[in-house]
Structures are given as C-alpha cells and as structure tokens.
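These two chains come separately, so use the hints to put the complex back together.
Listed here are the chains, written in short residue letters.
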Amino acid sequence: MRPVAVDAMLPYLTERYANPSGSHRFAREARRAVDEARDQIAEILGVAPGEVVFTSCGTESDNTVLVNAPGRVVCPAAEHHAVLHPVEAHPDGVVVGTDATGQVDLDRLSDACTPDTAVVSVMAVNNEVGTITDLAAVAAVVRERAPGALLHTDAVQAACWLDLREVAPLVDAMSFSGHKFGGPKGCGVLTVREGVAVPPLISGGGQERERRSGTHNVAGIVAFAAALAETDATRAAERERLTGLRDRLVDGISAQLDGVHETVPRDRKVAGSAHLCFEGIENEALLFLLDQADVCASAASACASGAMEPSHVLAAMGVDRSLAGGALRLSLGSTTTSADVDRAVDVVVDGVAHLRRTAP
Amino acid sequence: MKVLLAMSGGVDSSVAGALLLREGHEVVGVTMKLWGGDSDTGCCSVSDVDDARRVAQQLDIDHLVFNFGDDFDTHVVAPYVAAHAAGVTPNPCIECNRHVKFDRLLRRADQLGFDAVATGHHARIGRRPDGTHTLERGADAAKDQSYVVHMLDQDALARTRFPVGHIDKAEVRRLAAELGLRTASKPDSQDVCFITSTGGREAFLGDRIPTRPGRVVDTSGAEVGAVAAVEMVTIGQRRGLGLPGGGPVRYAVDVDVPGATVVVGDEADLRRPSTRVADVVWTGRPVDGEVLVQTSAHGTARPARLDRDDHGVVVHWRTPQRRVAPGQSVVVYDLDDVCVLGGGTAAD
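As they're listed, the protein sequences go chains A and B.
Per my numbering, the very first residue in the first sequence carries number 1; after that it's consecutive.
Per my numbering, the very first residue in the second sequence carries number 361; after that it's consecutive.
Careful, some of the hints might be misleading.
[Stated by the list, open to error] In the SDA-like style, the derived pairs of lysine to any residue whose C-alpha atoms are separated by at most 20 Å in a straight line are: (1) B/362 with B/467; (2) B/503 with B/658; (3) B/546 with B/417; (4) B/503 with B/549; (5) B/529 with B/657; (6) B/362 with A/294; (7) B/362 with A/293; (8) B/362 with A/289; (9) B/362 with A/358; (10) B/529 with B/514; (11) B/362 with A/287; (12) A/185 with A/7; (13) B/362 with A/284; (14) B/529 with B/546; (15) B/362 with A/354.
To be clear, the hints were calculated from the coordinates, so they are not data collected in a lab.
With the rest of the complex left out, here is chain B (with noise of 0.2 Å):
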C-alpha cells in the first residue's frame, strides 16, 4: 500500500513510519507548514521540520513538506480568535485535526495517488465484521488520543492509519531507541502550536481582538472581583477572577462578552444536569440511547443518555456535571469505552 506519513517531527510518527516498513508499505513523510508566525513547540517550527526530515532519511524515504498556511489561518486560526471574541473555547488541534489532517492533507493524498495517510496518533483503527471501520481508543490508556480525531467519519477512517495506536508510549520510545531515532527521547508536544510559552494565549489574542474589562458577580449579582479580559475567561476556570484569596474556591460558571460581565460560584452552580452538543459527526451510524460521554481530551467518559432532536443532539448526565465550556468537543464512546461512537461541540 501507498502511504503518506504527518512526520511532525514528533517520536510517534518516526516510530510510525518504522512500523508502516516493516509492514511492508511504500511510504513517503510529509510535514505540514501550518503557522507562518512565532512558535517553540508543536507542528510548525523549524527545528521540527528538521527533525522530520532527518528521521526520514534515517527511514530512507522520501520527505515533503507542504505549505497548508493559508488553510489553517482560514479553518483554526481565524475561528479561534473569532471564538474567543465571542466568548467560546474551541479546540484549535481538534480544528486542525478536522479541516487539515484529515481533510486538506487526506484530499492532497488521495490527488497524489496514495491509498492512505497515517499519522502518529494513538487511537486505533478497527474494523466489523460487516466492513464498517470502528474508531477506538489507543493502547495505552494513558496516551489515548482517540478523542482529537473523533471526527473521522467511515470515508476518512477507511483511508486512515495510526500505526502507533498499538502500542504504548513506553514501546514506542523503546523501538525509537532501537532503530536509532534521532527523536527517540524528544518531549512531546503539549501546547497549541501557534501560541508561544513567553507570551501565552492572551498575548496572542490581544494582538488580534480588542478585550474589554470584565466584572466578575456571585450568583446573587453581587460583585465580587474584576478580569482584565473577559473574552479569555473560560467556564470552570479557578483562577485569575481577581477573587480575594482565603475564600471558598470559586468557578466561572457563565461568562457573558457582551454584557462584560463572569458570575462565578462553588462547584454545584457548575454541575449541570445536560449538556447541547452541536455539529455532531458520527463514526458510524447515528446512536442514542445510554453510553459514556467525554468532555475534555484526558478526561473520563461518564455514562449519559443521548437524545438526538431537530437541533442536534443533547447529552442527559447520569449525575449532573460540571458545565463544559461551550467550543469544547464532547466525544461519545461506547459501554465498554472502547469505540468513539461520535462527537460533536459543546453548544450551551
């Protein structure tokens, strides 16, 4: 088979491509050029491009890399600071997961004459006995990714491979050493990649929308401290409120932009007994009925019962829980916790 490999530049991938040889595949790596502006961690340095390539040569491939820059300003960037403005949380490396990885590059691939791309994700790709493809959760539990790429629908999971979700980190930094990668006992990635450690979230933001001040008020109205920025306070968040300290720990439980205004509370104005999602995109046939629900990317899946509507669909907690953020992904698995049923975005 003909594949093309996402080589970030990250120890999963190289490993990846190594196991993808010793399949027997034809392999070429490609690293995505995404972000034109400052970076130090993630998909778009130089320095990881570098990486790359070099592991590449290790592997004796062929190395590309393609310039997706103006792809990610119009599917991730510009829709995060658009969100943020609006008081959203999205999830850019699910964004680009979605609009990028596997569509801009799955397209380019299937143009170019390759029967799949592969990337260094851990999750795993399986398939019923009927031929539908299942998406679940990776190997090693602690690593799970299966919750970034939820959104692969039958078409994109048929053409996918995550060649890594077999094995554990544990391995895969194992067989790096082995064959002598040069990214053997590199740290992985954490942040989004376009925002930078020295200036974080708020520089990057500030540089792109105008923030305004915000009150921060109790559940009863009564003020209680003040944010620089409303745009950046996220649901759930503890802290940064300006909340006198020594108090009972406090939560955003609903952040209102244009009103300029964060009520926070204690942890039970938090819990919710429901939650809308939005956009859904189902591995498989449409589900609803009882299964496990997650709201955050190492989070647990807590049961739940779906209901689906004209709107989409809404996720009816087992036990109330915390509010999630609305631009946050909830992912569906199913009972056992094993396969992503669907997923969609964080609505109320």
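Here chain A stands alone, though its shape is the one from the complex (with noise of 0.2 Å):
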C-alpha cells in the first residue's frame, strides 16, 4: 500500500474506531471522515459526492448494475470475469466480441443493443493486457441504439493511468477498487449518475443512501481517498517514467529473444502493462522459475483450485491457444525502478531460454 494510505488509515483502527452509522461524538468523527473522503473521490472522478457508492470491492460494483438489471444485459468477451459471469447468468445476457486488440468491435456491440436494453458495461482499461477501450465511441453507438439503456464501466484498471474527469462524462456508472493503486484491499467504489436508479445488491441497514446497506468500511474509505489523490496527483508524471520503463522492459526482453510477441500495440494501451506472448514455452513453468527468482509476475486468471485458466481475453482477441500458453504479464507500478526492469529482463530472458533448450 501507499504509505499515505497506511498512515490515513491507522487512526481509524485505533483511536477513531467508531461506527458512522452512530449518534454519538466519535459516530460524528467517523461521520466527518467518510464524508471528507468521499468529496475528494468525487472531484478525482469527475462526479458529484451524492453519486458516490462505497462497496467492499470492484467486483460488487460490477455485480450492483448487473445482476438484477431489468433488461438486457450487454458487454465484451474480455471482460474481468466480475462483469462476465454476471451477465452469463443473466436471463437475457449478451456477450459481443472484440477485436485482436481486445478492444469491443462496435458493429456487433451496435446489434447487441436494443431499444430494451437495460445494462451495456464495457471496461476501461482491460486487466490482462491493458488495451484502453474508445469509450467515446462506445458511448455514441450505445447511446443511438440503446437510448434508455444505463452505460457501466469497469475502470478498476483505469484509476492509475487515466484522467478520471474525462472518463466521467461519457458513462452512467464507474466501478473501482482500492488495491488497484496503492489502496487497500476490500474497498470500492461505484459512481452512479444522479437519477439512474439502481436497485441494491446488498439490502439492510439502508446506508449509502440505501443503495448499499452495511456498516461502513472508515479506515479502507479514507485510505482510498488517500491513495487515490496521490495516484491523481503524481499520474501524468508516473505515466510518463513508466511508459519508460514499459518500453525499456519490452524492448530488453524482445532485443534477446526470437519469438516474443506483443500481444497489443503499445500506443493501444496504458503504461504500465507489458503483455508479451513466448513461443514455444509454457507459461505455467515460465512463472515458476521467475518465482524462484523473486520476479513475481502472473499470466492468466486461476480458477478455484489456484490453476492457471487459458485466458478467455487471449481467445476472444483470436489469440491461438498454443501461443496465449506462452502468455506473460508483466505490471509496472509507483514502486518500479530501473534496476527492477533491469532484473526482469534477465530473469525473463533467461527463463524462456532455458525452458526452449529444455523442452520436453
């Protein structure tokens, strides 16, 4: 976590753990706090403070304006699975493709969106290989084709690299989550434009403005402010140094190694993704031996068991199974430096080489 967040949150465990729901002077205390914190998470994301929601997660954002949406539910193949699977589920779910960058193609998004379309949710920026969605032109055809119809974005990955304020306007409905930039981990937020009624997913003690029921979270609610006003504040400054150490990284692995794709245009998508797809090796024993050289990176998402899946956003962008096995994905973030990318280029290097010599 950032620092900023750990020290703004400390005092919410301690000496200022007291329930906002309460009537008495530390209830006020705690009151004042989420209040101060959800100001600051309006004006960075570009809303007013009454269309802020706080959730446990970005999941349950996600989950919020999708799973008891009135009508048809509409988003991309590459989609976070906390988008996905609820509109899998949903009675009249539709899933459009996308294109080899993992981008939505917007004439099947456009014959998916009907007059009683309830729900369109395209994500910002794609989780796995960081491609940023045109969210301009997402919204033109949603809003001719589906006028009534609520436009969500899951901008869980945007938070870090994009300037909330210009995101805002386009969409209905945001979906963030602490951990994505430095904040904690069990803390999110859904933005809800004034006037779109969305049912809620949680129902109780009527908090949130009874769009989200449950005792508030004080100490990951104000660390979120924390850490998201110093992402907001150091962003274009992070975005340029790591676009640096992106391409420094992508160009040392690729500089040493046949074989190495780039599995999106680097002017396609934000700074601090490398996703780069190997042939000839298996992902799986790549992570291995990165982990026993302390580079943690990740590939896919694991399924219950901790097993790595095939990644359904590799197949819905056409990538061939046996390459997207090969797949790897590198993060950069406020904690990256040179001498990191340095490192990982010779552990990744030198991984992929061994396992292409010693290849079953």
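Written out as structure tokens, the structure is:
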C-alpha cells in the first residue's frame, strides 16, 4: 500500500474506531471522515459526492449494476469475470466479440443493443492486456441504439492511468477498487449518475442512501481516498516514467529472444502493462522459474483451485491457444525502478531460453 | 535432493512430504488440476486442492498448482470414452499415471530443475547390485499400489520416490496425526475423479457417446435378457443384465458392441486358459517363462507362463482364469510376488 494510505487509515483502526452511523461524538467524527473522503474521491472521479457509493470491492460494484438489471445486459468477451459472469448468468445477457487488440467490436455491440437493453458494460482498461477502450465511440453507439440503457464501465484498471474526469461524462456508472492504485483491499466504489436508479445488491441498514447497506469500512474508505489523491497528483509524471520503463522492459526482452509477440500495440494500451506471448514455452513453467528468481508475474487468471486457466481475453482476441499458453503479464507501478526492470529482463530472458532449450 | 511432490490433498501424499523433509530433501508441493468438470472425489476438486495447500503450509513448503487439464482430456478422458464406445473397459487412473503423473509431470519437473518426483503411492523402488531399479509391492499388502504404477520403466524409476511405500497405512495415519496434519483422518479416495457418485459412469458416458440397447443371450444363442446400453457392460459383470432372478449366477462372458449383443454364461464359460497382452512396458529387461500375473488392482497374482511373440505377450495360466476385460491392466510379478516385471493391457 502507499504509505499515505497506511497513515490515513491507522487512526481509524485505533483511537477513532467508531461506527459512522451512530449518534455520538465519535460516530460524528467517523462520519465526517467518510464524508470528506467521499468529497475528495468525487472530485477526482469527476462526479458529484452524492454519486459515490462505497462497496467492498470492484466485483461488488460490477455485480450491483448487472445482477438485477431489468432488461438485456451486454458486455464484450474480454471483460473481467466480475462483469462477464453476471452477464452470462443473466436471463438476457449478451456477450459480444472483440477485435485483435481486445477492443470491443462496435458493429457487434451495435447489433446487440436493443431498445429494451438495461445495461451495457464495457471496461475502460483491460486488466490482462492493458488495452484502452475508446469509450467515446462506445458511448456514441450505446446512446444511439439503446438510449434507455445504463452505460457502465469497469474502471478498476483505469485509475492509475486515465484522467477519470474525462471518462466520467461519457458513462452513467463506474467501478473502482482500492488495491489497484495502492489503496486497501476490500474497499471499492461504484459511481452512479444522479437520477439513475440501481437497485441495491445488498440491503439492510440502508447506508449509502439505501444503495448499499452494511457498516462503513471507515479506515478503508479514508485510505482509498488518500491513495487515489496521490495517484491523481502523480499520474501524468508516473505515466511518462513508467512508459519509459515498460519500453525498456519489453525492448530488452525482445532484443534478446526470438519468437516474442507483443500482444497489444503500445499506443493502444496503458503504460504499466507489458503483455508478451513467447513461442515454444508454457507460462506455468516460466512463472515457477521467475518466482524462484524473485520476479513476481502472472499469466492469466486462476480458477478456484489456483490453477491457471487458458485466458478468455486472449481467446476473445483470437490468439492461438498454444501461443496463449506462453503468455506473460508483467505489471509496473509506482514502486517499480529501472533496476527492477533490468533484473526482470535478465530473469525472463534466462527463463524463456532455459525452457526452450529443455523443452520436453 | 530437490523433489517435486505431487499432492492430491490426501493423507498419503501429505505424509510423503513430511518424510521427504525428514530425510533432508528440498521439497516443493504441486497439485495437478486435471478435470474441469463436476467431481466429488479424487484429485481434482477445489476442496482437495485446499487440503493440499494447507498441508504444504503446515509443512512449510511451497505449493504450486499445475493445470494439466488438456493433457488429461487428451490422454485419459477422451480414450476412456472412445474405449467404452468400442466395448473396451479401460482403467483411467492407470492411464493418468502413465501419461500425466509419470510422464507430463516428470518432464515438467526435469525442466524446472528437480531431481525427482514423489507421490503418495504405496509401492517401493529398490536398487539391484548392478544399479538398476526395481519396482516392488508396498509394505502394506492391503494398500499395495504397485499394480497401478506398473508402467514405470528404468528411466522413470530412477527419478521417482514413493516415501510411504515403506510403511503401512496405519503408520501413515499415525504419523499424520502426530504431525497434526489436517488430512490425518481424511478418508481414502476410491473412485475415478471425473465420475460423480450421483451420475456414475452411465451418466458420464451417456452424455458423451450414443449408447444402444443390447440383447442378452446365453451361450446357445437363446435370448435371456436385455441391457439399456451395451457399451456399459463389462466382461465378468453379474448384475444389471436384465436376467430373471433366482437362477444360477450368470456372468457377461462376451460383449459384441457392433452387434449390440451380450453373451452370458456360468463361471466355467468365463474361464480362459490364456490372456493376450498388448502395449507391454517392462520394468527392466523383457522376461518370459514362469511368473505371477495380477489382473486387477486388489486381485491376487496367479501363476502363469509368459510367451513373447511379435504381437506382444501371451499369459498361459497354470489353471484357467476368469476372462480379463479388454482394456484392463495385466501386471507381471516375479515368483516371490514382490517385484513388478512389467505390464500391459488385456487385448482379447
């Protein structure tokens, strides 16, 4: 976590440990912390404070807009499972294809949108390959074809890289998760445009203006705001710094190995994402070698057992299954240094070369 | 030594890990995800992976999950389905050992710099004075699993460890309890991991192959019963043949899938003087002559003489034995009934 976030949350785990829904002085103190965090978050996300709903995670935010949607729900095939699975489970859920970069196919999206479509959900930045969605183009299609639909974006991966004040006007709802920008796990936000009704997924005590019941995670909310504020203040500089490091990482690997495919062109994706497919190796074996060398990376998402599943994102993009089996996702963030990158280049190059040399 | 321990989430592989650590080895645990569909027992369910991971935490070793689902589909499930469609009764657990645990996993372990793969099987690997390896029955005769790992050749034996093969099951459970391992009293898995107890083999195969009703006739050709799916009938089967109750015990002695006909007879009709064996793998050098031969996982090894010819091996039983269902493993032991000499698949 970002130190500012840790510092912000600690008092609310100790001397200010009160429930903001109470009616005593300590409760008011906690309530004020939640309200101030809400104001700060709203400003950075480009929405009004009343449009911010605190949730437990990005998945809950996504589920809230989709699960009880009263009509057709539509999403692209490369969405995070937090969107994809509710859409697949919905009685009128429609999943549409993507192009080779993972960007939603606008013609197919247009075909899927009907006058009775309730929700269209298109992620702002793909979590696996880093592709940035052209949300203005998506919005144009949705507003024309399904004017009554709520347009939602899973912006969980976007907070680090995109100015959300530019995203907010394009959509009706956005999902965020604290841990994607150095905030705490177990703390999410859903923004919902004023006047748009989204039935609660969790009902009970009526917190969050009846939109999400449950006692507020005060420490988490305060830390979420602190981490987001630092992310926002440093975003432009970090984007530039990490673009340079990402290029150094990818160029360093590609210069020393044949059979390396950059999954998405760099001008179509966010700075902190390096996604490569190596011919002739199995990423499960590569991840073990990287882990042994203290380089922590991932390949695709894991199922409940912890086993790596073939990536649905790469499948949606039309990447050959055997090449997808050699996929590696390296993420860069605020703590990444050029020494880290140089070491990662060496370890990845050695690992891939070893696996190719010893291929069974 | 650096050992990759296959952890199923059961007590045997849990204790195997503890024993390897006690011997001073560097151990990494791995659970293989093999089957993506419904499962209620065996190697693949999420709760078993949880148990394996939690035991690894107790042992303070790293734990990995390898997804060998494609290999499992290709080498175990698809052949299992195809074999039934052809009226053959395979043993999928043995094919999983052959193709996944002691091939795919061994190769992966090699690639990642491990000296050996260990499992929780009850069998022993010994060494002859000339340096070659032997595959021997486990110390616990009742739990011996040498039959299901009979396909290990010298190359595989040299890179495999069976830490619990030297102790009996009661000792395994005692050690697990002593170490406080959470799997200490977990029941043994019995069934094929991709067959659920609710649906059974019939539901699994019924979803994957067209099944046809069959006539049941006696050895004179007279129709005596009927079965719903001729593909499900196994040589030697006594129940579910649609025969009227109260008569003499009848066995399926022949199954003709293309002709949708099952022949039933008494035990004498089921006995055969010999059994042809295909795809034989020898533990060491090929053998012939007098041996003991076992035809089911918990059966008794019976005396026989082996003849080798161009098509494989013929087992000539000293006294006629019940016909072995085609597809079942036929495993050859030495006359002391200790060492596996080789094994293959019943072919007639």
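Taking the hints in turn, this is what the structure says about them:
1. B/362 with B/467: holds, 14 Å
2. B/503 with B/658: Given that 20 Å is the threshold and the Cα spacing comes to 8 Å, the pair holds.
3. B/546 with B/417: holds, 17 Å
4. B/503 with B/549: holds, 12 Å
5. B/529 with B/657: holds, 17 Å
6. B/362 with A/294: It holds: about 18 Å lies between the C-alpha atoms, which stays within 20 Å.
7. B/362 with A/293: Distance ~16 Å between residue 362 of chain B and residue 293 of chain A Cα, so the pair holds.
8. B/362 with A/289: Between residue 362 of chain B and residue 289 of chain A the Cα gap is close to 14 Å, so the pair holds against 20 Å.
9. B/362 with A/358: Roughly 18 Å between the alpha carbons, so the hint for residue 362 of chain B and residue 358 of chain A holds.
10. B/529 with B/514: violated, 27 Å
11. B/362 with A/287: The hint holds at about 18 Å.
12. A/185 with A/7: Holds - the C-alpha atoms of residue 7 of chain A and residue 185 of chain A are around 15 Å apart, at most 20 Å.
13. B/362 with A/284: holds, 19 Å
14. B/529 with B/546: The given pair, whose Cα atoms are some 12 Å apart, holds under the 20 Å limit.
15. B/362 with A/354: holds, 18 Å
Of the numbered hints stated above, the single one contradicted by the structure is hint 10.
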